[in-house]
Each structure stands twice: as C-alpha cells, then as structure tokens.
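S.K.: Guided by the hints, dock chains W and A onto chain C, whose structure is given.
Residue numbers (our numbering), protein chains in the order written: chain C, 1 to 229; chain W, 1 to 290; chain A, 1 to 297.
No lab work stands behind these hints, which were simulated from the structure alone. Just so you know, not all the hints are guaranteed correct.
Stated by the list, open to error - According to the in silico footprint, chain W covers these stretches of chain A (three or more CB under 8 angstroms from chain W):
| id | region |
| --- | --- |
| 1 | 110-123 |
| 2 | 142-152 |
| 3 | 190-197 |
| 4 | 238-248 |
To be verified - Subject to a maximum C-alpha distance of 25 angstroms in a straight line, what follows is the list of computed SDA-like cross-link-like pairs (lysine to any residue):
| id | chain 1 | residue 1 | chain 2 | residue 2 |
| --- | --- | --- | --- | --- |
| 5 | C | K138 | C | A52 |
| 6 | A | K131 | W | I174 |
| 7 | W | K19 | W | L30 |
| 8 | A | K55 | A | P114 |
| 9 | A | K137 | W | K19 |
| 10 | A | K264 | A | S97 |
| 11 | A | K230 | A | G187 |
| 12 | A | K153 | W | V45 |
| 13 | W | K258 | W | V45 |
| 14 | A | K278 | C | G59 |
| 15 | A | K137 | W | R175 |
| 16 | C | K138 | C | R219 |
| 17 | A | K174 | C | Q5 |
| 18 | A | K230 | C | Q5 |
| 19 | W | K185 | A | I95 |
| 20 | C | K138 | C | E15 |
| 21 | C | K93 | C | Q158 |
| 22 | A | K278 | C | A19 |
Source: prediction; values computed, not measured. Quick reminder that beta carbons are idealized off the backbone N, C-alpha and C, glycines included.
Chain residues, written in single-letter form:
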Amino acid sequence: MSRQQVRHEYERQLEALEASALESLDFVVIAVDRTIEAIEHRDIELAELVVADDDVIDGRYLEVHQRLLTLLATQAPVAGDLRVVAALLHLMKNVERMGDQCVNIAKLLPITGHEAPSDEKIVKNIVTMGRQVRTLAKQSKRAFAERDVELARDLVRQDDLVDKLNRECFQIAIAIGDDLDMREWATTMILVSRALERIGDNAVDIGEQVAFVVTGLFREFQDASHPGE
Amino acid sequence: MRGSLTAGRSSRRLEIGFKALLLLALSLALITLTVLIVDIVADGVGGLSLSFLTDVPSQIIPENSGIGPAISGTLWLMLVCAAFIIPVGVATAVYLEEYADRSRWFNRAIEVNIQNLAAVPSIVYGILGLAFLVRGPLSLGNVVLAGGLTLGLLVLPVLIVAGREAVRAVPPSIREGSMALGATKWQTIWKQVLPAALPGIATGVILSLSRAIGETAPLIVVGAVSFATFIPSGFGAEITALPIQIFDWVSQPQPEFKTLAAAGIIVLMLILLSMNAVAVWLRNKFEQKW
Amino acid sequence: MSDRTMTEREDPAETRASPAFDLSGAVHGSDGGAEAPMGKAVFRLEDVTVSYDAKPAVSEVTMDIPHNQITALIGPSGCGKSTLIRCLNRMNDLIPSASVDGRVLYHDQDIYGPEIDAVEVRKRIGMVFQKPNPFPKSIYDNIAFGPRVLGMKGDMDEIVERGLSGAALWDEVKDRLDTNAFGMSGGQQQRLCIARCLAVQPDVILMDEPCSALDPISTGKIEDLMLELKREYSIVIVTHNMQQAARVSDRTAFLIVKLDADEKHRQGRLVEYDRTEKIFTNPSDSRTEDYVSGKVG
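This is chain C alone, in the form it adopts within the complex (with noise of 0.2 angstroms):
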C-alpha cells in the first residue's frame, strides 16, 4: 500500500513561505547590481533608488517573519519542516542586512560627489568585487532553493576571492597619495569595500543554514576566531 499524503495545504503554505523568503535574494541581487554601476558611473540617482527600494526588502523580511511565525504557532512544524523555517528565519536576517550594507553603500556616495576623483584600480576591484557578491547571493539562493551542502560550501572558496579582493583595497588605498580629495574618496571606497565583503560573509551564513537543513549539524563553516582550522 502506498503511503497516504495528507496535510497538502500546510506543505503548500510552507513551500510558497520558502519560495517567497528566497526571492527576497533577487531584490538582493538586484540591489547590488544597481549599487555597483552607481558606483561605476557615477549615477547618484541610482544610488538614491537603491535606498528607496530597500523597503521592499525588509517589508519582505518582516512578512515572512510574521508568516513564519504564524507557520510555527498554526502548523507546529517538526524535524525537517522546523530545520526549514529556523533556517529560513535565519536567511532573512541575513537578506536584511545584505540590503542594508547595500544602502550603507549608496548612502555612501552622495558624500564622494559627481566630480571627485577616482582611481581606476580601485573602482575595477570593487566592481570586481560587487560580481562576486552578486554570484554568491545567486549561489546561496540556489543552494538553499536545491539543498546542496556542496554548494554551500564552495561559497566558503567563493567569498575567499571576495576578502582577498577587499584587502587589497585597502592596501591601494593606504598607497593612494596625498591629494586630500583622492584619500577622501580612497577612504570612502574601503568602507564600500567593506560593506560588499560583510555581504559576502552573509552569503556564506546562508550556505551554513543549508547544511543545518540538510543535515541537522548547525555550526560555522568558518571560525573567524579560529582561522585555518
């Protein structure tokens, strides 16, 4: 005898709960895109649209906060159902703060103006850098959306290129020179380098929610503390 399936209207509610907190990555993606071409040309305007439409993100974030809530008092969710809506708790805390160090980013660039100066390296690392977040942000939707721990992982690998490409930053920046306005600018581009690499890191928290998914085990990928262990 086959085995019966009941409960269809929970497993529905529950998948369009996790279809619904994963796409809230797409405006996150989106919003990387718009802010890294602000950045590239110069564009204020998008800047300012990237902060207007982080709204959409964190309305988002706080109604499937509220439905995942709702989910846990109605349905009483257990083992791998529980697994899913913790995690997915989780990936939406992280979705909101991947919005937010996108609107820290835009917020940023008002103060740099049209006309400052820039320098070439810097912005080619840092739009370098904005492509590798955006592909973790796809990586890690696609991860959850497929339960592959693997692919989790890689996004350990993935955002390696991401920190290598902040230090480096950094390190241009300190070498920038002396005009005031250039180190003005080259300062201002270590905290977007910054905030692009605390999205990569959310990324990887993501991935991390994956695995608890999948297997049950909640720990970090990555000990920041412990590094190389």
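M.R.: What follows is chains W and A alone, placed relative to chain C:
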C-alpha cells in the same frame, strides 16, 4: 504499612461454599427439566405419527385420535393475535420511546400500567375477553376472533416492553444524523429507527406469540371447545387450540389418552422451541453492533 | 559592467513600478493586515444564551461567522462550545429542556423566529458529529437517504457519486457501494458522514469534534478535506484539539467556563474571537494566551 497478601482462610471457604450453592441450584433446575422431558418423550413418543397431526380427536377410539383441529385452531388464533399485537404493540412502543414526554403524569401512568399488566394472571384476561369481547360491548361470540384478541391483550405488554427495548437500542446518534440531514421526525422513525429496530421487534413478536401459544386458561374462559370434531377455518369459527386439547386428554381417565396428551405436549414443545430458536437466530443474525 | 546586469537593470522610473518591487504585494502578504475584512457573514449571533432547564450553559455570545471560511470554537470541557454549535442548526430542539435566547441570524433571518421550520433550517445547515454515525445501511443508501427524504430530483447514482467525490471517498468505495457502511474504517465512516451531508447540498457544515475518534492520518485527511470544502461551504468546527483549530481554521473563538456567583452553576462565555493566527501568535486576552499555550485547562 504492608499487609499480608494471602487471603484469609474463612473468606476462601465462604467463597467455595457460595459457589457450590449456586451450582446446586442450577443442577436442580436442569435435572427437573431433563426428568420432565424424558418422562414426556417416553410417554408420548408412541402416540406420534403423521396421522396424529391431521386426525380429529375421537373419544371412542383413542388410537385414531389426532390434533388436526387443535393445530388449525392454534394457527388461526395466532394469526388474529399477531395481526392485533404487531401494529398496536409497535405503535405503543414507538410512542412511549420517541414521543412521550416523561415529565407528564399520564405518560408515566401508562408506563406503570403496562408493567403491571404484564404481571396480571392470564385468567383475568380470559374474564376480560368474556365480558368485553365474547359478550358485552363487542358481542363477538365464542369465536376465533375473540379468542385471538384475548390472547393478544394478554401478551401485548410483552411485545411493548420488547419493542421499547429494540427502539431504545437504536443509538440517538442515528436519529441525530437523520434529523441533521433535514429529515422530519416521522421520516427518521419510519426510515431509520424502525428498520434498525426490526430484528429486535421481530424477536419480541415471536416471543409474545410463543407465550400466547401455550395459554389455556383464558381460552377456556372465553369458551374454547375441548372436543372439536371440526377443522376451524376462519375468524368466525369456534375456538379450539393445542393446549386445550392436551388439557382435555389429561383429564380423561384412560391410559391411552395419557399417551395422546404426552404426544400433544411433545408437538407443542417442538413448536415452542422452534419459535424460540428462530427468535434467537434473528437476534444473533441481525443484531447491530453500534 | 556585465550584459546581465544591464538586462536586469531597467529604466529607474519603470523599475519603481515593476512587479518584483510591488510594495503592496510584498508587504501585505496573503495573511493580510491586522484589520483584514471578514467578508460576508453567514451567521450573526446576537447575545445568544443557550439554557438547559432554564440554567444557562453558554451565555451572551455575540459573534459573526464568515462565509466560505472555517471558524473554530475552542475551549475547555464544559465551556458550551458543543451546545453553541448545536444551536446553529436547531439540533438543541431534540433536547426538550433546551432553550435559546438572543438571536441567531442566518443570512439575516432569525432561525429561532416563529415562522421558521427547524427541518428547513437543517436542510441548509448540515452537521457532522463527534462519533461517526453511519446508518446501518449500504454506503449507497447512506448517501441517498438525505436526497430521498428531501425529494431531490435528478439521477440518484449521480448524486451519490458527487457526494462521495466531494468527500474524497469515491475512489476508495466505488467498487463496494452496496456493502454495509459499518464495514468501513472509522476515518472512512466519518468521511461518509461528510459525503452524506454534502449530498443534500447544504450551505453550511457544522462539525462537532469530527476527529476526536480518529487516528492522526484519518484526522489529516479530514482536515485536508475541510480546507478543500471551504471553497464552496462555510464550516464551523468545534474541537478540543487546539492544534487542529490552529491548522485548519481561519477564525477562532475561545470560550471559557465561568462559575456563577453562588459557585454552583457553570456556564460558558466567549472570551476572544479573532483571526486564528492572531489567537495563536498574539492573543489579546491573557486567558486565551494561557489556554492556547497549554498552561491552563
């Protein structure tokens, strides 16, 4: 505080003594029954034959005597009795169970009366039948109709009690289920309660008739003919019945009639036993486990 | 700047109105805001008090029961939730000592009004009971009974099939329609009772603890069925299983038992009635909170 787990000697002895007493009572009843049956069968088996069932009784030649008219008379009486008690008994049972408001005094009075009627001696019913059916208001005469109705009155309380039990055994959830679908009370009773109670009611009818079939006293009072040389055929025929015939033979001095009486008893007992067997079978086969 | 980024980036003005960024859709999800409209009411209870022998069992209940939704009544034993649901289709009439005060408006008509026939009420408002109560008849006759006594026109075979399909039972029993309904499992019997109810095409289905005698899988099936049925029917369910109310209902009413001043007579009272997720995530009344979190019976 820990008491001894072993039972006291005296209480054990009391237990055994009580059990023995009960067994004694049971075996006494069983032995009496067996002796009775064996005695009757030994006496009457010689008188049994096919012609015994069809022949008319004869006072001159006991060997040619039979119970033909008695069986026929009994069948007619039972027909009248059943035709009377089934509608009246079932309707009364349904009324008392489904409609009667027990907080009303007259409903309680009816209930008490029915219980009392079951305990009234059968001869009293005979007098009632004589006064009201044979003579009195109805003046039916000494006929099968009057005899059957008299027997019907006698066993009506039995059927009412059995019918009420059968109706009560149908769980309220069936009525609720039916009413919740928009059925009226009458539809619910007619299409759900009565069909579900039918096996119980049928059992009650058979048990009532088997009580009626063995009755002698009321029939004698309403004027049953003990020496019937005719085969009764119809409601207006004169009354005769198996127990009446047996009673007549038993009171004859000749030993041949004793054999005939015993044979008649065997036939009557076989009819009774088979009726009861049918009742038991009905109950077991159609009894609904709710 | 990659091509991909270019394709995803549209003109800012356009992007603002693009579906992916539809603020209204993103913020107000399917669960709706706190003041979500209840929709059309199928029942309006106004100050309803149900008494047995003039002693109130449940008092002064005022609530609206929405159309095409599942409304759950929960509360401890003796809070009068079964009594309350039974007054919605006048099942309490079967108990001579019961009486109802206040008004029970069904589509704006007081079902206890003087010109109302209880039988007509029950045709439109079906009921499923605590213990499955199939009739001691064949599966077919169980379904056909209602339509027959109501004199419904149409092909009876079709009516029976529609009823059984509606209760997700057709495939399981279509080959044994003429066998006795008592041969079915408890869960099947209960779905048969639901099918029987559907066959007379009611408007509302009342369920009085429909799963209390069933195992979890059968319970899950009935719950799935309820969610399916609410597209076409309004459902009111009494349950002692809070989790069941949480899982299936859209709105939940919580009743408590209150002792009278003389502490002799107990009666039920409505404490809180709200959207189910509100009751289970953030109830307004502390008594509701204690009950749903299992701290107080």
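S.K.: Please go over all the hints and tell whether each is borne out by the structure.
M.R.: Cross-check of the supplied hints:
no. : hint            : verdict
1   : 110-123         : holds (count 4)
2   : 142-152         : holds (count 4)
3   : 190-197         : holds (count 3)
4   : 238-248         : violated (count 0)
5   : C:K138 / C:A52  : holds, 22 angstroms
6   : A:K131 / W:I174 : holds, 11 angstroms
7   : W:K19 / W:L30   : holds, 17 angstroms
8   : A:K55 / A:P114  : holds, 23 angstroms
9   : A:K137 / W:K19  : violated, 45 angstroms
10  : A:K264 / A:S97  : holds, 19 angstroms
11  : A:K230 / A:G187 : holds, 19 angstroms
12  : A:K153 / W:V45  : violated, 64 angstroms
13  : W:K258 / W:V45  : holds, 11 angstroms
14  : A:K278 / C:G59  : holds, 19 angstroms
15  : A:K137 / W:R175 : holds, 14 angstroms
16  : C:K138 / C:R219 : holds, 22 angstroms
17  : A:K174 / C:Q5   : holds, 20 angstroms
18  : A:K230 / C:Q5   : holds, 20 angstroms
19  : W:K185 / A:I95  : holds, 13 angstroms
20  : C:K138 / C:E15  : holds, 19 angstroms
21  : C:K93 / C:Q158  : holds, 21 angstroms
22  : A:K278 / C:A19  : holds, 23 angstroms
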